[in-house]
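All chains should be built: construct the whole structure from the sequences, respecting the hints.
For the protein sequence lines, the chains are A and B, in the order given. The first sequence maps to residues 1097 to 1364 in the working numbering. The second sequence maps to residues 2 to 86 in the working numbering.
Everything labelled a hint here was simulated from the structure, so no lab data went into it. Where hints are given, some of them may not hold.
Unchecked claim - Here are the simulated lysine to any residue pairs, SDA-like style, with alpha carbons at most 20 Å apart:
| hint | chain 1 | residue 1 | chain 2 | residue 2 |
| --- | --- | --- | --- | --- |
| 1 | B | Lys57 | A | Met1313 |
| 2 | B | Lys57 | A | Asn1266 |
| 3 | B | Lys48 | B | Gln25 |
| 4 | A | Lys1242 | B | Arg79 |
| 5 | B | Lys53 | A | Gly1339 |
| 6 | B | Lys20 | A | Arg1267 |
| 7 | B | Lys57 | A | Gln1252 |
| 8 | A | Lys1343 | B | Arg60 |
| 9 | A | Lys1273 | B | Val23 |
| 10 | A | Lys1242 | B | Ser70 |
| 11 | B | Lys57 | A | Ser1268 |
| 12 | B | Lys12 | B | Thr74 |
| 13 | A | Lys1242 | B | Lys78 |
| 14 | B | Lys57 | A | Arg1342 |
| 15 | B | Lys57 | A | Asn1314 |
| 16 | A | Lys1249 | B | Val81 |
| 17 | A | Lys1303 | A | Asp1328 |
| 18 | B | Lys78 | A | Leu1245 |
| 19 | A | Lys1203 | B | Lys20 |
| 20 | A | Lys1338 | B | Gly59 |
| 21 | A | Lys1273 | B | Lys53 |
| 22 | B | Lys78 | B | Thr67 |
| 23 | B | Lys30 | B | Leu51 |
| 24 | B | Lys57 | A | Gly1337 |
| 25 | A | Lys1338 | B | Lys57 |
| 26 | A | Lys1203 | B | Val23 |
| 27 | B | Lys53 | A | Arg1274 |
| 28 | B | Lys75 | A | Gly1248 |
| 29 | B | Lys75 | A | Leu1245 |
| 30 | B | Lys75 | A | Ser1219 |
| 31 | B | Lys57 | A | Ala1315 |
| 32 | B | Lys78 | A | Gly1244 |
| 33 | A | Lys1334 | A | Ala1312 |
| 34 | A | Lys1242 | B | Arg77 |
| 35 | A | Lys1249 | A | Glu1276 |
| 36 | A | Lys1249 | B | Arg60 |
| 37 | A | Lys1249 | B | Arg79 |
| 38 | B | Lys20 | A | Ala1272 |
| 39 | B | Lys12 | B | Glu83 |
These numbers come from a predicted model, not from an experiment.
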Amino acid sequence: MRFVEVEGKSKRDAIEKAARELGVPVEEIGIEILSDSGRGFFGFVGGKKVKVRAWSKRESREKLLDEVMETEEPPRIEQEAEVSPDPAPSASAARQASDEPGEATEKAEQAREVLQGLVGWLSEQATVEIKEETSERILLEIHGDKTGLLIGKRGQTLDALQFLANKMVNRSRDSAKRIEVDMEQYRKRREQSLRSMAVRLGQKVKKKRKPITIEAMNAHDRRIVHLTLKNDRALETKSVGKGEMRKLVIHPVGGGRSKRHEGSGAAT
Amino acid sequence: MTAPESTDNVKDLIEYIAKALVDQPEQVKVSEVEGEKTSVIELTVAKEDLGKVIGKQGRTARAIRTILSAASTKIRKRSVLEIIE
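What follows is the structure, encoded as structure tokens:
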């Protein structure tokens, strides 16, 4: 956990400064008063100094998830967008293949058209390609500009496009095929950053012997975290809560040296 | 289904999505109440089709709103979707 130590004219002043330094809202920082030479707690006592140590309460939670996503991804999106006119050989091969009659099924072509229709409102240049088709799924890939807009924060626009494409195409259950939508290999990159986040948080749980909760993930994201930590015997992962509120908790397992066992005890 | 002609009209976007989701596309009606900064897109569908545009726990409605807000970002105008019951 990252601490900052700040001095202010009053306790409130010090807290606000600390919050700015940590880049989180005032309500979301924890503080410890190191020295308080003023008398009243919230009074603006002139000339006196209050020193506090502060940390972000959110750090191990969704904030961390955001940091992972926001610091690691957007720059790469821009770079890759530059090189995308000349894609990897596999991509162009797939494109050629999908142009050949009989390669893509009617279903896949329908899915491509529906997604192209949706994407057209967000970017004039973006095109949709049938990247892969198996008996149970169709993988569609979006190429073009406006990458940030089409992917959205934490992939939410891409997920919405995928969700709607599925609903719009698979109206009758009997011929349903799962449609997956990707752009600039976002899914793979997201998976990689989720994996590294999972490993990092797992180490933190082992070190502190306290469970950590990660919020704001969809079922697919949670699955990646579960799978990443599955083979670590010192850790146990569980999802708790329902629907949108469902979150994932990483618990430490066993281990004798635990001083604060109440948190992990509740898990088993 | 063909690609949209005008990409600036979010009303058509909602109509495009709704018609593909419902059983009675001819009953889909979309109107736009334009404000200075925000416009309200009102979607009406056949009673039997309401569930199709809302979805389980409102997931479909949420996905439509996500795409609507992305499309609105592009034309720099905020729009909100109201599903009329």
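Hints, one by one, checked against the model:
no. : hint                  : verdict
1   : B:Lys57 / A:Met1313   : holds (18 Å)
2   : B:Lys57 / A:Asn1266   : holds (16 Å)
3   : B:Lys48 / B:Gln25     : holds (10 Å)
4   : A:Lys1242 / B:Arg79   : holds (18 Å)
5   : B:Lys53 / A:Gly1339   : holds (19 Å)
6   : B:Lys20 / A:Arg1267   : holds (12 Å)
7   : B:Lys57 / A:Gln1252   : holds (18 Å)
8   : A:Lys1343 / B:Arg60   : holds (18 Å)
9   : A:Lys1273 / B:Val23   : holds (19 Å)
10  : A:Lys1242 / B:Ser70   : holds (14 Å)
11  : B:Lys57 / A:Ser1268   : holds (17 Å)
12  : B:Lys12 / B:Thr74     : holds (14 Å)
13  : A:Lys1242 / B:Lys78   : holds (17 Å)
14  : B:Lys57 / A:Arg1342   : holds (16 Å)
15  : B:Lys57 / A:Asn1314   : holds (15 Å)
16  : A:Lys1249 / B:Val81   : holds (19 Å)
17  : A:Lys1303 / A:Asp1328 : holds (14 Å)
18  : B:Lys78 / A:Leu1245   : holds (15 Å)
19  : A:Lys1203 / B:Lys20   : holds (18 Å)
20  : A:Lys1338 / B:Gly59   : holds (14 Å)
21  : A:Lys1273 / B:Lys53   : holds (18 Å)
22  : B:Lys78 / B:Thr67     : holds (14 Å)
23  : B:Lys30 / B:Leu51     : holds (12 Å)
24  : B:Lys57 / A:Gly1337   : holds (17 Å)
25  : A:Lys1338 / B:Lys57   : holds (13 Å)
26  : A:Lys1203 / B:Val23   : holds (18 Å)
27  : B:Lys53 / A:Arg1274   : holds (18 Å)
28  : B:Lys75 / A:Gly1248   : holds (12 Å)
29  : B:Lys75 / A:Leu1245   : holds (8 Å)
30  : B:Lys75 / A:Ser1219   : holds (8 Å)
31  : B:Lys57 / A:Ala1315   : holds (15 Å)
32  : B:Lys78 / A:Gly1244   : holds (18 Å)
33  : A:Lys1334 / A:Ala1312 : holds (15 Å)
34  : A:Lys1242 / B:Arg77   : holds (14 Å)
35  : A:Lys1249 / A:Glu1276 : holds (18 Å)
36  : A:Lys1249 / B:Arg60   : holds (17 Å)
37  : A:Lys1249 / B:Arg79   : holds (17 Å)
38  : B:Lys20 / A:Ala1272   : holds (19 Å)
39  : B:Lys12 / B:Glu83     : holds (12 Å)
Consistency note: the structure conflicts with none of the earlier hints.
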